[in-house]
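Visitor: Residues per chain are reported as follows:
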Amino acid sequence: MSVVKRVSMIFKAKANKALDRMEDPRETLDYSYQRQLEMLTQVRRGVADVATSRKRLELQMNTLTQQQAKLDGQARKALGMGREDLAREALTRKSGLQSQIADLSTQYQSLQADEEKLTAASQRLQAKVEAFRTQKETIKATYTAAEAQTRIGEAVSGISEEMGDVGMAVQRAQDKTAQMQARAGAIDELMASGALEDVTAQPNDDIQRELDQMGGGQDVDRELERLKGELGQGEAPREIEGSAPGATGAASNGQAGTAAGQPADQPGAGDGS
Amino acid sequence: MIVRILGEGQLMVDDSVTAELNELDAKLEAAVNAGDEAAFRPVLTALLDRIRSEGTPVPADSLDASDVILPYADASMADVRGLLSDEGLIPG
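Here the protein sequences line up with chains A and B, keeping their order.
Each residue of the first sequence is one higher than the one before, starting from 3 at the first, in the numbering used here.
Each residue of the second sequence is one higher than the one before, starting from 4 at the first, in the numbering used here.
Honestly, I wouldn't trust all of these hints.
[Said to hold, decoys possible] List of simulated lysine to any residue pairs, SDA-like, C-alpha gap at most 20 Å:
{"id": "1", "chain 1": "A", "residue 1": "K19", "chain 2": "B", "residue 2": "E32"}
{"id": "2", "chain 1": "A", "residue 1": "K14", "chain 2": "B", "residue 2": "D70"}
{"id": "3", "chain 1": "A", "residue 1": "K14", "chain 2": "B", "residue 2": "L66"}
{"id": "4", "chain 1": "A", "residue 1": "K178", "chain 2": "B", "residue 2": "A81"}
{"id": "5", "chain 1": "A", "residue 1": "K7", "chain 2": "B", "residue 2": "A63"}
Simulated from the structure, these hints should not be mistaken for lab results.
Let the sequences and hints guide you as you build the complete structure.
Guide: This is the structure:
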C-alpha cells in the first residue's frame with residue numbers, strides 16, 4: 003500500500019505530534035481531554051458557520067427567483083398587450099438570472115453536504131470524547147503513572163487521529179465558506195450598487211413603467227366602460243356632458259384621449275378607484 | 004482492518020479485500036507520480052467506493068486507531084501531496 007500507506011503513516015505521526023506529552027502520562031490524558039473539548043467547540047462552530055452561509059445563499063436565491071417570477075409575469079402581460087418586444091426583453095433578462103440561480107443552487111447543495119458531514123463528524127467526536135472521558139478516569143484510578151503508559155498511548159492515539167480528521171474537515175469547510183462568503187458578498191454588493199439591476203430591478207422598471215402606462219390606460223378604459231355601462235341605464239352622462247364643460251378639462255389630464263369622448267364625471271371616478 | 008476515510012469516519016473492512024485495494028493503491032500511486040489528475044480522480048473514487056461498499060462503520064464510541072487512512076473524497080492531487088508532506092494539513 004504505497005500512497006495509502008504513506009498517507010496513513012504521516013497522518014498518524016502528525017496527529018500524535020500535535021499532542022504534547024506530559025511528564026506524568028496521566029497528565030497527558032487530561033491535556034488530551036482538554037484539547038478534545040476545544041475541538042468539539044470548534045467543530046460545532048464550524049457547523050454553525052456553514053449553516054449561516056447556506057442560509058445566506060438561500061436568501062439570495064429567493065430574491066433572484068422572485069425577480070425571475072416578476073419578469074415572467076411582465077413577459078406575459080406584455081404579450082397579452084401585443085408588445086412582443088417588451089416580452090422578449092423581459093424573457094432575456096429572465097434567462098440571465100437563470101444561470102445565476104443555477105450557480106447559487108450548486109453552491110447551496112455543496113454547502114448542505116458539508117453541513118451534513120460536519121454534523122456527523124461532530125457527533126462521532128462527541129461519542130469518542132465521552133468514551134475517552136470514562137476510560138481516562140478508569141486509567142487514572144487503576145494504574146500508576148508507569149503502568150498507565152501503554153493504555154494511555156492506545157486511548158490517546160485513537161482519539162488524536164479523530165481530532166486530526168475533524169480538525170482538517172473544519173479547516174476545509176471554513177476555507178470553502180470563506181470563499182463562498184466572498185462570492186455571496188460580491189453578489190450582495192452588485193445588488194446594492196445597482197450593477198446587477200441592469201439585469202433585474204432597473205430594466206424591470208423600464209418594462210414595468212411601459213406596462214404600467216399601457217396597462218393603466220387600458221385599466222382606465224375598462225373602468226370607463228364599466229361605469230358607462232352602469233350609468234348608461236339612466237342616460238345620465240349626456241345631461242352632465244352638457245351642463246359641466248369645465249369639469250371635463252380639469253379631470254382629463256393624462257387621460258385626455260380616452261376621456262375626451264366621454265362625460266366629465268367619469269375620469270374623476272376613474273382616478274379615485 | 005480498520006480503515007479511515009478522512010472526513011467520513013472509520014470502517015471495518017475484511018482483510019480479504021486487501022489485494023484488490025492494493026491494486027487500486029498501486030494505480031493511485033502511478034497517477035500521483037505521473038501528475039496525472041485525469042487518472043487520479045477515478046482511481047481514488049473507485050478505492051473509496053470499494054471501501055464504503057465492503058466496510059461496516061466502526062461504532063462512534065470506539066477509541067481504536069485505524070490501520071489505514073485514506074484521503075477525503077474530493078481531495079485533489081495537490082491535497083494528497085499535502086497529506087504526504089511534512090507540512091501539516093492537520094491544524095494545531
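Visitor: For this structure, which hints from the list above don't hold up?
Guide: As far as the earlier hints go, 1, 5 are violated by this structure, in ascending order.
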